[in-house]
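Q: Sequence:
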Amino acid sequence: MYAITIPEPGGPEALVWAEVPDPVPGEGEVLVEVVASAVNRADLLQRQGFYNPPPGASPYPGLECAGRITALGPGVSGWAVGDEVCALLSGGGYAEQVVVPAGQLLPVPEGVDLVTAAALPEVTSTVWSNVFMIAHLRPGETLLAHGGSSGIGTMAIQLAKAVGAKVAVTAGSKEKLEFCGELGADVLINYREQDFVEEIERATDGAGADVILDNMGAKYLDRNVRSLAVNGRLAIIGMQGGVKGELNIATLLNKRAAVTATSLRARPAAEKASIVAAVREHVWPLIGGGHVRPIVDRTVPMRDAAAAHRVLEESGHIGKVLLTR
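The sequence shown begins at 1 in my numbering and counts up one residue at a time.
Careful, some of the hints might be misleading.
[What the hints assert, rightly or not] Simulated crosslink set (DMTMM-like; lysine to aspartate or glutamate; CA at most 25 Å straight-line): (1) Lys-219 - Glu-84; (2) Lys-219 - Glu-313; (3) Lys-255 - Glu-281.
[As the list claims (entries may be wrong)] Restraint-style ranges between C-beta atoms, simulated for each label pair: (4) Arg-202 - Trp-17: 32 to 42 Å; (5) Asp-222 - Ala-270: 13 to 23 Å; (6) Asn-254 - Gly-75: 21 to 31 Å; (7) Asn-254 - Gly-26: 49 to 59 Å; (8) Gly-10 - Asp-205: 45 to 55 Å.
FYI, nobody ran anything at the bench for these hints, they're computed from the structure.
Glycine is no exception: its CB is placed at the ideal position from the N, C-alpha and C atoms.
Produce the entire structure from the sequences given, and follow the hints as far as they go.
A: Structure follows, in structure tokens:
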């Protein structure tokens, strides 16, 4: 088969479409013929040499895909050759075929085509596990989602609104904020022109955000904690703003708040399967009912993955960038 390889870390040009050995499903795994994959920030870090795949994972980038099952490994039940699926991966999505643990498979949601389904596994798993399973966002509470126009952000807006929460977002342009508003965001904050701490205080009458979903890390740490409500929960899922920040413990104590940080890729298969099962139970009906939808900015041929990486690096996109076979 062919896959996007990374012979040497570097810029987008480091991505090379090359012939590689065919993968073979093992115990509890299936082989999927990939129709589409999606680009995530983690893929850019892997390309640059900063985010190696976990032990045993495919060396090729790509943390999600959609396609058709072509073979079942020993011990797999509940799936059949020919099933159209999307899947959460530890790697290998930028390829013609990929092996997937059966617990990380999802059926294509009702009303979603197979290519578009590739936009769903990573964002739904990330948002549901962090905002709902860990931070326990409840109806009537306020969620602040940084990077509201990203794939993660656009999904967070929709899921939070679907459960009856108020949503505030940050983004860097009028166009992106307007799109977030169309998805249901109540408070639109341009981080280039406004202080989100002040805007959250104003929007909540001084109470603060109950849950904050943060992709920036160190750069926003202090301001995020100051923006939390009493008993607030900060969920850190990225480090685009650096890895080392200063935390005011007194502020955290006074707010009786919590700070959590998670990554999805390196979790054990059983944990991923539990998250995927929760997504199928809680999110898939919302998508099938038309309450939540995947947001796709554009599709790019997989062999031209370098062009898709440049799109993400320029941050001009809204939603997901997909790679198609």
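Q: Now, for every hint given, state plainly whether the structure supports it.
A: Hints versus structure:
no.: 1; hint: Lys-219 - Glu-84; in the structure: violated (41 Å)
no.: 2; hint: Lys-219 - Glu-313; in the structure: holds (18 Å)
no.: 3; hint: Lys-255 - Glu-281; in the structure: violated (33 Å)
no.: 4; hint: Arg-202 - Trp-17: 32 to 42 Å; in the structure: violated (50 Å)
no.: 5; hint: Asp-222 - Ala-270: 13 to 23 Å; in the structure: violated (35 Å)
no.: 6; hint: Asn-254 - Gly-75: 21 to 31 Å; in the structure: violated (52 Å)
no.: 7; hint: Asn-254 - Gly-26: 49 to 59 Å; in the structure: holds (51 Å)
no.: 8; hint: Gly-10 - Asp-205: 45 to 55 Å; in the structure: holds (49 Å)
Hints 1, 3, 4, 5 and 6 from the earlier list are contradicted by this structure; the remaining hints agree with it.
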